[in-house]
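Visitor: Same order as they appear, the protein sequences are chains A and B. FYI, the numbering for the first sequence is 1 to 188, going by the working numbering. FYI, the numbering for the second sequence is 1001 to 1188, going by the working numbering.
Do not take every clue at face value.
Simulated crosslink set (DSS-like; lysine-lysine; CA at most 30 Å straight-line) [as the list claims (entries may be wrong)]: (1) 1041(B) / 51(A); (2) 1041(B) / 41(A); (3) 41(A) / 51(A); (4) 1041(B) / 1051(B); (5) 41(A) / 1051(B); (6) 1051(B) / 51(A).
Note that these hints are calculated values from the structure, not bench results. None of the values given here were measured: they were computed from a predicted structure.
One letter stands for each residue in the lines below.
There are 2 protein chains.
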Amino acid sequence: MRRPPGEARRRLLDATLRLYAAHGVGGTSLRMIADELGVTKAAVYHQFATKEEIALAVVQPAIDALAAVADAAEAAPTRAARRETALTGVVELMVTDRERAAVLSGDPAMAALIGGHAGLATQARRLSAAILGASAGDPESRVAATLLAGGMATAGRDPGLADLTDDELRTHLLTLARRLLRMRAPHA
Amino acid sequence: MRRPPGEARRRLLDATLRLYAAHGVGGTSLRMIADELGVTKAAVYHQFATKEEIALAVVQPAIDALAAVADAAEAAPTRAARRETALTGVVELMVTDRERAAVLSGDPAMAALIGGHAGLATQARRLSAAILGASAGDPESRVAATLLAGGMATAGRDPGLADLTDDELRTHLLTLARRLLRMRAPHA
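The following block holds chain A by itself, in its conformation from the complex:
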């Protein structure tokens, strides 16, 4: 991949994320990205060769953050600490980077576009294992994990929840996730 100057690259990725959030990944064309930036399509192609490369670059920071959460969880000394580290890390990412998280785990076209390249499936598997432990293969646990991942992505982009502060959303998501997974709060 050609390396564009950092600032132009960041502007392009920010604009693309806004378009993804409004039109979906499948509904965002290179033409729309160029128009949003006020540049030509050729200028976009100068930075990224394909739609896939842009999509990957948009979500890579979130995937890297998930990998860091998984690293921390796996390094925790007890099963309770592993669960707690993984769950709070995922919720934190969902809350503080809402649009990117929603695009990453809530858009049907994203998975098709980035395929196996980004390592998302690997990080999702590591985090599921850390949170669910020995029950990771149970059907009920698998449904719970999907419910949480998809539900949190939806919560991050729901205009009906836009009035909640990051603190409020974080608190409610943690309470609800712990209830769903039958986890105790850490100081309870």
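Dock chain B against chain A, hints included.
Guide: Only chain B this time, still in chain A's reference frame:
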């Protein structure tokens, strides 16, 4: 809206739903729908004037089904029966019409495309009120409702859950939803 013969209309809507599930609503063009059916774009235009009309016709059966669930819930005699009727009705719809439900409540481009026309927001409000009752306005309850709606839509389209039968998915979704909402099972 012009009324195409029933069979051709049904084929077009089925093909469109498959394309939505694979490429997202925003990533599905009239050209792709025509190609999928092996007809010309003009033939598609003969049945529907716009992309919006097709999107609305694809999801209308699910919105009508949600309205019927809301009617039944509101007619139930007790608060417990209203909750139970609304929750089981929504889960049933999610399980038995997985693709349509996922497209309706899980695709960011769908809301933008159909806007207020379809009455989806009205039905969602009626069902939330039936399920959450007096707590419908609490932030925690609002987050729980979004988590469930978005999570169930994701569960319906997750290839990792495709091995579950309708019965299994229904059972787990009901168990998890009741736990999240602190509802008793009806015969507990």
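Visitor: Each hint should be assessed against the structure and marked as holding or not.
Guide: Here is how each hint holds up against the structure:
no.	hint	in the structure
1	1041(B) / 51(A)	holds, 25 Å
2	1041(B) / 41(A)	holds, 27 Å
3	41(A) / 51(A)	holds, 12 Å
4	1041(B) / 1051(B)	holds, 12 Å
5	41(A) / 1051(B)	holds, 25 Å
6	1051(B) / 51(A)	holds, 23 Å
Checked against the numbered hints given earlier, the structure satisfies every one of them.
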